[in-house]
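**Student:** The residues making up each chain are set out below.
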Amino acid sequence: MSTLLPSAKPPTVSSTSTASVRQAAPALAVSFPAPQPGAWKRGLMTWVAPVVLPVLLLVVWDLAVRKTGTMLVPAPKEVGVTLWDFAFGGIHDDAFSGMLTTHWWMSISRVYGAFALAALVAIPLGLVIGKNATVRRFVDPTIEIFRPIPVTAWLPLSMIFFGVGPNAAIFIVFLGAFFPVVLNTTFGVKSVDPRLFEAAAMLGCKGGSMFRQVVLPAAMPSIFNGLRLGHGISWFLIVVGEMTGVQEGLGAIIMDGRMLSRTDLVIAGMVVIGISGYVSDRLIVALNNRLLKWSPQHNV
Amino acid sequence: MSDANTPRRAVSILKVAGASKVYDLNGQPIHALKDVNLDVRKGEFVCLIGASGCGKSTLLRILGGFEPVSTGRADMYGRPITGPDSERGMVFQDYGLFPWLTVRQNIAFGPKQRGLPEAKLKEIADHYLNMVGLTKFAGHFPGQLSGGMKQRVAIARVLANDCEVLLMDEPFGALDALTREVLQQELLDIWQNTKLTIIFVTHAVEEAVLLADRVVVMSAGPGRIEREFHVPLARPRAITSPEFNQVRQEVTDMLSSHLTHIARAA
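Going down the list, the protein sequences come from chains A and B. FYI, our numbering numbers position 4 of the first sequence as 4, with every residue one higher than the one before it. FYI, our numbering numbers position 207 of the second sequence as 1207, with every residue one higher than the one before it.
Take the hints with a grain of salt, since some may be wrong.
[Said to hold, decoys possible] Chain B regions said to be covered by chain A (calculated; three or more residues, Cβ under 8 Å):
#1 1080-1086
#2 1090-1100
#3 1105-1119
#4 1128-1138
#5 1242-1250
[To be verified] One-sided and incomplete, this derived list gives chain A residues near chain B with beta-carbon spacing under 10 Å:
#6 Val121
#7 Ala199
#8 Met202
#9 Leu203
#10 Gly204
#11 Lys206
#12 Gly208
#13 Pro217
#14 Asn289
#15 Lys293
Hints in this document: simulated from the structure, not taken from any laboratory. Where is the CB? At the ideal position from N, CA and C, for every residue including glycine.
This is chain A alone, in the form it adopts within the complex (with noise of 0.2 Å):
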């Protein structure tokens, strides 16, 4: 990469300009302010850093697929072609033309609705879990115990209360999400410094308002980490809930493509939930980033 990235700068900056480039390169150096390279190196490392790997495994995925001269797999294009025709038809004209949009909007709005419905159960509890000792011990151990059984053991179960359906899947998904959530809340509050107590206490704060001036916001970065935490795996276990019995959602389109062996419909429905997670993490890590700009240690 780091040889990579000298060689791209040159011709980037020879089209905008006359045609003797290699000749005037020196001058072009003296000419130009001297943050202008500066902010073209941290241009490239900001935009062409990140794509320089997945463009690599594209080719190494060609490349694998045109020397074994597989039927199963098929080569990144192939898979291109799909997803366009899933996203706006005109190709295919099959089942799953154009419909990506309905898939999509399903699984994300189970996606946000269990996580959602999951952050609003588990930030108080994991608040008072924190806070009240009395009922930490109560409750702390049934979470210890719950906490390792694999989420996905919970799909039979989930099947039978719910019924086969979407509602399994976003229990999955609630089930999934709390755990992560409430575990680092309860940390975020345990280990507030109880100097930061003493320091409101003899300013004036009292009861209540200190644990909306105080406790929350000194754990509001474990929160935050719980959150992100909860929602990479809310989007791990929608596409598991969606295989097992429902008909529109981006799980359900992947057993669909294993079903009718549509392998490049099954890389498609991948690629948009990559990329889907990617993107929603990016927003929390954004929200996290923004609220939590007082603590250095804390931006992502």
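Assemble the complex: chain A is given as a structure, and chain B must be docked to it using the hints.
**Tutor:** Frame of chain A; chain B shown alone:
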């Protein structure tokens, strides 16, 4: 002049009488303080000095209301101290600032608890920001400040809350020598311009002699007040003067005589 600032017959503001503090350490009682008597007059600057383990911080925390006495009493204006209160502001060695609040918000924290209107909060914050010279840093977070600046915020924060007593627990102990000198001077200026009573814990003799009207020498095992020493020097005090050196030597001798006493006992 110290005597002009603290007339001998000024009202007693803090009074500790027969106070003991016993901790329980794995079933073993630890006497942090034993039979301590201290009377602090309004406007006085008192330094508590002693080796570590002499209970000087415990005594300060009792005065702050952060810990109860085991026996005896600790009163302010004759009323027992039952908990932390805004009339006694504490300045901790580790600052204890709220890292999620800006410098301005930290300073306005106390007044805000009293439900003052936004405009009044701004006015108070501006005044104390100016007093400690941090106006330009009003929008910074504590994490962006140096140690000396953080301690300025901590001092401004309790002053902004109209405290009458300033309790300071080795407040400049973590600072470099230059910053410490500047802050000591600023603290004296603030003290001389207000009617504050200051109780200042330190283990540095020079700091105690420079700042205090009265130096209270404490010793360990169990923690107790060994002697009190009225600093006879006029202000401003010059650290390099022979008089200053003489007083410093006296206090140092007092301290080390207890230390050798302890060493012999051990």
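**Student:** State for each hint whether it applies.
**Tutor:** Results for each hint:
no.	hint	in the structure
1	1080-1086	holds (count 4)
2	1090-1100	holds (count 8)
3	1105-1119	holds (count 4)
4	1128-1138	violated (count 0)
5	1242-1250	violated (count 0)
6	Val121	violated (25 Å)
7	Ala199	holds (4 Å)
8	Met202	holds (4 Å)
9	Leu203	holds (4 Å)
10	Gly204	holds (4 Å)
11	Lys206	holds (8 Å)
12	Gly208	violated (12 Å)
13	Pro217	holds (4 Å)
14	Asn289	violated (14 Å)
15	Lys293	holds (8 Å)
When each numbered hint is compared with the structure, violations occur for hints 4, 5, 6, 12, 14.
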